[in-house]
Structures are given as structure tokens and as C-alpha cells.
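Chains as they are written, first to last, in the numbering used here: chain B, 153 to 384; chain Z, 153 to 384.
Not one of these hints is a red herring.
Because identical chains share one entry, a pair is satisfied inside a single copy or across any pair of copies.
30 Å max Cα-Cα, derived DSS-like pairs, lysine-lysine: (1) K369 <-> K338; (2) K338 <-> K327; (3) K251 <-> K327; (4) K154 <-> K288; (5) K245 <-> K154; (6) K245 <-> K329.
If you're looking for bench data, these hints aren't it; they were derived computationally from the structure.
2 protein chains.
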Amino acid sequence: MKIAVLGTGTVGQTIAGKLESLGHDVMMGTRDPKATLAREKPDGFGRPPLKEWMTGHGSVRLGTYAEAAAHGELLVNATHGVASLEALAAAGKENINDKVLLDISNPLDLSKGFPPTLTISNTDSLGEQIQRAYPKAKVVKSLNTLSAFLMVAPSLLPEAHNLFISGNDEGAKNKVKALLYSFGWKEADLIDLGDITTARGTEQWLPLWARLMGTLKTERFNLRIVQGSVPH
Amino acid sequence: MKIAVLGTGTVGQTIAGKLESLGHDVMMGTRDPKATLAREKPDGFGRPPLKEWMTGHGSVRLGTYAEAAAHGELLVNATHGVASLEALAAAGKENINDKVLLDISNPLDLSKGFPPTLTISNTDSLGEQIQRAYPKAKVVKSLNTLSAFLMVAPSLLPEAHNLFISGNDEGAKNKVKALLYSFGWKEADLIDLGDITTARGTEQWLPLWARLMGTLKTERFNLRIVQGSVPH
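With the hints as constraints, model all of the structure from the sequences given.
In C-alpha cells:
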């Protein structure tokens, strides 16, 4: 499938790399491809410049947000949450159109360090804001509750764990589920929370996730919902 | 131990009943004990009047918030989060003093129905507000992440699951942990997140908890953190 991955950070690279390995035709989108490719030094997080990553992922192309969004039949928003609406505006309504938009972003404000606060929360969510801004698009929120490397390799954890899905369109959710299965997620791992307003639940998991990361001193964790239908 | 349970709702009854069964000397606190005992009809949630509950729990006494707080060497805040600061003000600074205050409340605004929003979130938490209002008290936030009946009977779920603890005082956290062990929690189940500011993490779990309850159609669930130290 032709897929656009908006955002070239850790999440974007991880998703784009996995999609490439699965045989998809992937274009990553960024604000200014020339500037992104001109970077020679690691970024503020110590990540190698994108140019290096791209040499190991020969079939993945890089374009503007608009070029990538025009390319993709399915779009993945892997930009930082605080920049997502701007990135999508640059992608353009006409390119987003009525496509499935898998939104992985979280509205994290890291400007005051760690743990982050949320720029949107409680009575709204970034998933909903994106859906409202692009009413024709089929926004599906998922994968935003765990570390990038676990998104595409859930079996790295020793037990089954859960992933949530929110969105208004059942067909779009089924397309995203099919993608998730190809990443290694199992049907029993996925919890469909309902419409896009349920993204308020998963985005507000991040404050606990961040504190767990601080306590456990690893990003290699996720939650599993333990349910008991009968007492024992 | 002499324990005060502030609040006579489901959480208060569940905690007080469990503490009684463990041999503690429990006084429940409410705003107006006479009015509470005069109720003859089920409340808005269909729960039987407290008078009925108390006939089955003969050693548990009922007093004002101030009487209960004066009685307790350890205090449990089991009031509704939106009423907690008022209840604690009625309990009185002199009665709260430097005692351990186990805070189970969540700042849930249910005035617009379900799922609730939070009246405090993101950059603050109810746990912190209580700690700031009573700086001598040793506030420990715990048990606020799951249903009342699971708080005192964790083995009702078929697998191990986790409980979080937040608070500034290590000695107070150890006292609360001892109480939790007596409820059936195991040391390996408890995750000490750090100081009271980490209550922001657990209180913001509630929005996801509420949506999971809506999806799973049960309160009989909790989360388990699945961690992987080595790939497999």
C-alpha cells in the first residue's frame, strides 16, 4: 500500500522502517526535506541525522508534508503532538481528503522537561482536534500509549499486553487493525474503546506512562488489562 | 489500630468493612451523622442506606469528620474527590495534624454524566492539593486506580495486577504498604512512583479507566505493567 508517514523522529522512523520491511511504498513527510537531509549532526536527543537512517532504508522516500500526504492512501501522523496540527495544515486538506489517518501523536509539552504535561487534555484530545479540523478524514487513534520500538514489535515483551483503538469509522479501524496485525499485534491484544472522543483516555495515560518510565527506568513496558469474569 | 475512614459511600464502606474484619478500631466520618443515619431509602446509585450497612458492621462507629479524624491514628480519605477538601476542612487541621492520610479520592466531575472529566489534572492533582493544604500530614495516594471491591480483594482477578503509591514520606508509605499487604496485595504488585506529585499520573488514569469500564462493561479489571528486561 502507498503510505505516508508524517514526521521523521523516532516514531516516524520506526513506523516507516517497519512498513518498508512489510513491502509498503512509503514516503515520509517533513516540513523542509532539504533542511532535514542537510543535517550532519545528531539531534538534541542524540539521534543520528535522518540522512544516515535513510541510507539503510533505500525504498523510503522523503518529501514535504504535502507530497507525502498526496502519495499516501493511508496517512500516519507521527509528528510531535504540539506540531501535529501545523504539520497537517501543511499536508493540506485536499491531500488528506477522506483518507484513513492513523494518529500516533500525543500532546506532550516537554518544554519544562520531564515528566511532560499535556497541552490538550481532560475535556478534549488531540485526536478529536484533528478529526474536527479534517471532518472528512477517518482519524484512528492508536499506538500512542507505548514506546516506538514496541509499537512495531509487541513480542519484545514477555507477556501479552494491550493496545487501544479510538475512531468514528469502523472501516478505517479495520484497516488500521490489519496494519497492526502485520506489526505483530494479535486480535486479543486490541481493545476498541469506541469513537474518537475515547482518545481522551489514551492520551491521558501518558502522564502515568511518563512516571512509570521514571520509576522503572526503562521504556520497555506496557500495560495489560487483567479482567476477571468469575471470582477465584 | 485506630483508623478513621472519611466518607460513607461505596469506597468508605468497603474500606471500613475490610478494616473491621482485620480487627481495627474504625470510625467512619461524615458531614452530618444524624442525617446520614436518618436516611431510609437507597441513594441515587441504588445503594442501601448506611444504617443498614452498619447493622452488619457492629464495631464500626459513625461520627462527624472531626470526631472520626480525632479518633484515627491513621486517616483514610474515601470521600468524593470534589468534596474532599471540604471534608478535610471539617475534619480540622488539629485532628489531621501529622498523621498518615491515605488518599483514595479522585477529582471526578460526574455532573455531566459518564465518562467523567477531572476537576483537577495535568499540572496539579488532588493528592498534591491535600498535601499543600495539610503540610504536616503525611499524604499517601494509593488505591485510587481501581474499583472498591478490588481494593480490598485483589485476588478476585485471575492474575497479578498492579497498584501505585505516591507520597513524600517513606515511613508513611511503609505504613500504608503494611495495610495493603493485609488487604491481600503482594509486595511485587506495588509500584512506588515517588513523591506526591506522581499522583498526577494515577489520577489521570481515571479517564482511561472510565472508558475501559464502558467498553468492557465491568468494573472487575485492573492494569498490570508488563515489563521486559531482555528481548525474547
